[in-house]
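Please work from the sequences and hints to get the whole structure.
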Amino acid sequence: MRLLKWLGLLLGVISLSSCFSPIKTTPLSTYTLTDFSKNDVASQPAVSHQTIFVTTPVASPGYASSKMIYVMIPYQLKSFATNRWVAPPAELLLPLIANRLRAAGYFHAVVTSPFTGAAHYQLNTHLLKLQQEFIQPQSQVRLTIEATLMNVATGRVIANNLFETTVPATANNPYAGVLATNQAAHTLSKQIAAFVVQSVAGRKSQ
1456 MRLLKWLGLL
1466 LGVISLSSCF
1476 SPIKTTPLST
1486 YTLTDFSKND
1496 VASQPAVSHQ
1506 TIFVTTPVAS
1516 PGYASSKMIY
1526 VMIPYQLKSF
1536 ATNRWVAPPA
1546 ELLLPLIANR
1556 LRAAGYFHAV
1566 VTSPFTGAAH
1576 YQLNTHLLKL
1586 QQEFIQPQSQ
1596 VRLTIEATLM
1606 NVATGRVIAN
1616 NLFETTVPAT
1626 ANNPYAGVLA
1636 TNQAAHTLSK
1646 QIAAFVVQSV
1656 AGRKSQ
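Take the position in the sequence shown, starting the count at 1, then add 1455; the result is the number in the working numbering.
If you're looking for bench data, these hints aren't it; they were derived computationally from the structure.
All figures in this text were calculated on a predicted structure; none of them were measured in a lab.
We put the CB at the ideal spot given by N, CA and C, even for glycine.
A hint or two may mislead.
[What the hints assert, rightly or not] List time: in silico DSBU-like cross-link candidates among lysine-lysine, alpha-carbon distance up to 35 Å:
# : residue 1 : residue 2
1 : K1522     : K1533
2 : K1522     : K1645
3 : K1533     : K1645
[As the list claims (entries may be wrong)] Using C-beta positions, here's what the derived DEER-type ranges look like:
# : residue 1 : residue 2 : range
4 : N1627     : H1504     : 46 to 52 Å
5 : A1564     : T1603     : 17 to 23 Å
6 : G1560     : P1592     : 41 to 47 Å
7 : G1610     : T1480     : 48 to 54 Å
8 : R1611     : S1521     : 30 to 36 Å
9 : S1568     : V1541     : 15 to 21 Å
If you want it as structure tokens, here you go:
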């Protein structure tokens, strides 16, 4: 009888200790958007003596956090449980867009938020979509950005355009989506920089 009591007590202690043992969790993986090569930076003097202010992109609802968004059916946004961006994608896009403008070699200075000085032009961007889509057998990343160029002195809109690209992922997993996102971000940042330069240069030639 005593033996049974001792066995019961021992089992109770083991069971209780297991309740307080650490719970194994999957480590969180964080990713970023990388900048382009320094070889892409313009080495010639700037064409213009003007300054452009690039504001931090504003993200649409659902895309404003550091969560990595994916879609399996249209209109339903989900996020990966153990994969995140190191910062909200809108913040990660800012240096890419600004550096592409610098690489274009048109403006005397390209400044970014926070900035309180004087500028001739202001570029506002809106992150409309950034998602990995698992709707087809091969997943793809969709990146959509709206860009608005303004004249700071007058407050008027000079040009507005919508940019979108889809990049196939090499595999149906989050990391392949990260690689595709980097490619998409570089593609659109180049297009936005070209759009800005053409808009300003075209305005001067009129």
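Checked hints:
With a C-alpha separation of about 9 Å, the suggested pairing of K1522 with K1533 holds against the 35 Å cut-off. Between K1522 and K1645 the alpha-carbon distance is near 25 Å, which keeps this suggested pair within the 35 Å criterion. Only pairs whose Cα atoms come within 35 Å are accepted, and K1533 paired with K1645 is accepted, the gap being roughly 29 Å. Between N1627 and H1504 the CB atoms are about 50 Å apart, so this pair conforms to the stated range of 46 to 52 Å.
As the Cβ distance of A1564 to T1603 is approximately 20 Å, the hint placing it in 17 to 23 Å holds. For the pair G1560 and P1592, the beta carbons lie near 42 Å from each other, so the given range of 41 to 47 Å is met. Distance hint for G1610 and T1480: a CB-CB separation of about 51 Å, consistent with the stated range 48 to 54 Å. The supplied range of 30 to 36 Å is met by R1611 and S1521, whose beta-carbon atoms lie about 35 Å from each other.
One distance hint, 15 to 21 Å for the beta-carbon pair S1568 and V1541, holds here, with the actual separation near 18 Å.
Taken one by one, the earlier hints all hold for this structure without exception.
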